[in-house]
Amino acid sequence: MPHILLPTHLPGITGLLEYRKDTAAPIRQLTQILLRGDSTLTQGERELIAAVVSHANACVFCTSAHTAAADLLLGESETCEMVKQNIDSAPVSDKMKALLTIAGMVQKSGKAVTAEVVVIAKECGATDMEIHDTVLIASLFCLYNRYVDGLASVTPNETEFYRNLGERIVNHGYNRLPQGYDHLKE
Amino acid sequence: MAHIKLPDEELPGITGLFNFRPDTAVPLRLLAETLLRGNSLLSSGERELIASYVSHLNDCHFCHTSHGAAAMAHLDCEIGQIDDIKDGFVKIPISDKLGALLNIAGKVQKSGKDVLAEDIENAKSKGVADQEIHDTVLIAAAFCMFNRYVDGLGTWAPEGNEAYREMGRRMAFQGYVKR
Numbered sequence: 001m002p003h004i005l006l007p008t009h010l011p012g013i014t015g016l017l018e019y020r021k022d023t024a025a026p027i028r029q030l031t032q033i034l035l036r037g038d039s040t041l042t043q044g045e046r047e048l049i050a051a052v053v054s055h056a057n058a059c060v061f062c063t064s065a066h067t068a069a070a071d072l073l074l075g076e077s078e079t080c081e082m083v084k085q086n087i088d089s090a091p092v093s094d095k096m097k098a099l100l101t102i103a104g105m106v107q108k109s110g111k112a113v114t115a116e117v118v119v120i121a122k123e124c125g126a127t128d129m130e131i132h133d134t135v136l137i138a139s140l141f142c143l144y145n146r147y148v149d150g151l152a153s154v155t156p157n158e159t160e161f162y163r164n165l166g167e168r169i170v171n172h173g174y175n176r177l178p179q180g181y182d183h184l185k186e
Numbered sequence: 001m002a003h004i005k006l007p008d009e010e011l012p013g014i015t016g017l018f019n020f021r022p023d024t025a026v027p028l029r030l031l032a033e034t035l036l037r038g039n040s041l042l043s044s045g046e047r048e049l050i051a052s053y054v055s056h057l058n059d060c061h062f063c064h065t066s067h068g069a070a071a072m073a074h075l076d077c078e079i080g081q082i083d084d085i086k087d088g089f090v091k092i093p094i095s096d097k098l099g100a101l102l103n104i105a106g107k108v109q110k111s112g113k114d115v116l117a118e119d120i121e122n123a124k125s126k127g128v129a130d131q132e133i134h135d136t137v138l139i140a141a142a143f144c145m146f147n148r149y150v151d152g153l154g155t156w157a158p159e160g161n162e163a164y165r166e167m168g169r170r171m172a173f174q175g176y177v178k179r
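For the record, the sequence lines run as chains G and F.
No gaps in the numbering here: position 100 of the first sequence is 100 in this note's numbering, and each next residue is one more.
No gaps in the numbering here: position 64 of the second sequence is 64 in this note's numbering, and each next residue is one more.
Quick caveat, the hints were computed from the structure, so don't treat them as lab data.
Mixed in with the good hints there might be a few duds.
Stated by the list, open to error - With a straight-line cut-off of 35 Å between C-alpha atoms, the simulated DSBU-like cross-links for lysine-lysine are:
1. G:LYS111 <-> F:LYS91
2. F:LYS113 <-> G:LYS21
3. G:LYS108 <-> G:LYS122
4. F:LYS110 <-> G:LYS97
5. F:LYS91 <-> G:LYS95
6. G:LYS95 <-> F:LYS126
7. F:LYS86 <-> G:LYS185
8. F:LYS107 <-> G:LYS21
9. F:LYS86 <-> F:LYS107
Here the structure is a predicted model, which means the values were calculated and not measured.
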């Protein structure tokens with residue numbers, strides 16, 4: 001049961017974002033820019049960062065949602081699963097390995113990011129903007145994961161829920177749906 | 001030196017990063033403005049104390065001291081009192097309600113899952129409303145983002161409390177959104 005009274009038809013983050021819309025607006029806008037805006041990282045690569053950080057924070061809702069989004073964008077489910085288990089042996093580029101390693105450090109603490117790993121990322125071709133965005137995406141998911149679990153919002157169990165959510169994320173992005181969410185009421 | 005090349009390396013902490021990517025700065029500034037100066041049952045002084053306390057727990061000197069300075073400006077306290085946030089609020093008077101919310105914020109800093117039903121019950125027994133619990137959790141979560149952004153990119157921060165006096169006043173009374 002959530003720690004505060006939330007709309008019952010909206011589990012996970014959505015009910016929280018509807019609970020206080022004026023704080024939701026900049027959070028949604030930031031997410032839309034970072035995960036869907038122009039970037040030299042693909043949308044799938046950016047969802048991998050979100051999934052890895054959420055997994056390290058043991059936030060089941062966010063991990064499931066962003067895994068579903070990454071799987072849809074990548075067209076397969078192996079990469080995201082492997083990245084969550086072990087970045088070094090996952091089938092991603094050396095640049096992505098370095099960026100995901102940075103994201104994993106950010107999950108622990110900003111201070112955990114070493115100059116060495118940043119040098120490795122740059123040697124693998126990562127640009128300053130890619131390093132910036134990786135750190136900010138990882139930081140943003142440290143917000144989301146704590147928001148979702150800190151208020152004990154409902155985490156559905158059904159795989160189908162996350163498949164639908166993944167599709168909503170891929171097709172509509174992170175802005176509030178123009179029609180709101182009343183259509184999700186049973 | 002920061003981990004990435006910032007256009008103006010004189011700008012400390014998050015300000016150098018805002019300058020590096022202005023389009024993400026817009027929602028980041030608006031989130032801080034809404035959370036710390038927007039409508040809330042908590043005063044801005046109380047909210048800045050929560051922000052500064054969480055930043056201290058995250059060992060983020062820039063955010064801890066700048067938001068501490070903003071709290072001191074709101075609460076009309078001496079700038080040196082910022083240190084009391086690190087010392088666990090011995091001198092700054094804290095209501096039972098704020099004490100219960102700071103406890104929740106400290107749990108959020110570790111992990112969302114660390115917030116227990118008993119922490120919430122304790123807060124509610126002190127008269128805390130759902131909205132205040134929501135705002136406390138989101139402020140604490142947001143500073144887990146801001147702190148990581150600032151330190152994860154290796155930005156520099158001025159040392160002593162005094163260097164943050166004017167910055168804190170600006171944050172408190174002019175706010176976070178560029179006008």
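Going down the list of hints, with the structure as the test:
A C-alpha spacing of about 29 Å is found between LYS111 of chain G and LYS91 of chain F, which places the hinted pair at or below 35 Å, so the restraint holds. Proximity of LYS113 of chain F to LYS21 of chain G is assessed by CA-CA distance (about 24 Å); at most 35 Å being required, the pair is judged to hold. Distance hint between LYS108 of chain G and LYS122 of chain G is fulfilled; the C-alpha atoms sit about 21 Å from each other, no more than 35 Å. For the hint linking LYS110 of chain F to LYS97 of chain G, the alpha-carbon distance of about 26 Å falls within 35 Å, and the restraint holds.
A C-alpha spacing of about 49 Å is found between LYS91 of chain F and LYS95 of chain G, which places the hinted pair above 35 Å, so the restraint is violated. Of the supplied pair hints, the one linking LYS95 of chain G and LYS126 of chain F is violated, its CA atoms being roughly 51 Å apart against a limit of 35 Å. With a CA separation close to 46 Å, the supplied pair LYS86 of chain F and LYS185 of chain G exceeds the 35 Å bound. Note on LYS107 of chain F and LYS21 of chain G: the hinted pairing holds, with a Cα-Cα distance of about 24 Å set against a maximum of 35 Å.
Annotation: proposed proximity of LYS86 of chain F to LYS107 of chain F holds, straight-line Cα distance about 16 Å (limit 35 Å).
Checked against the numbered hints above, the structure violates hints 5, 6 and 7; every other hint is satisfied.
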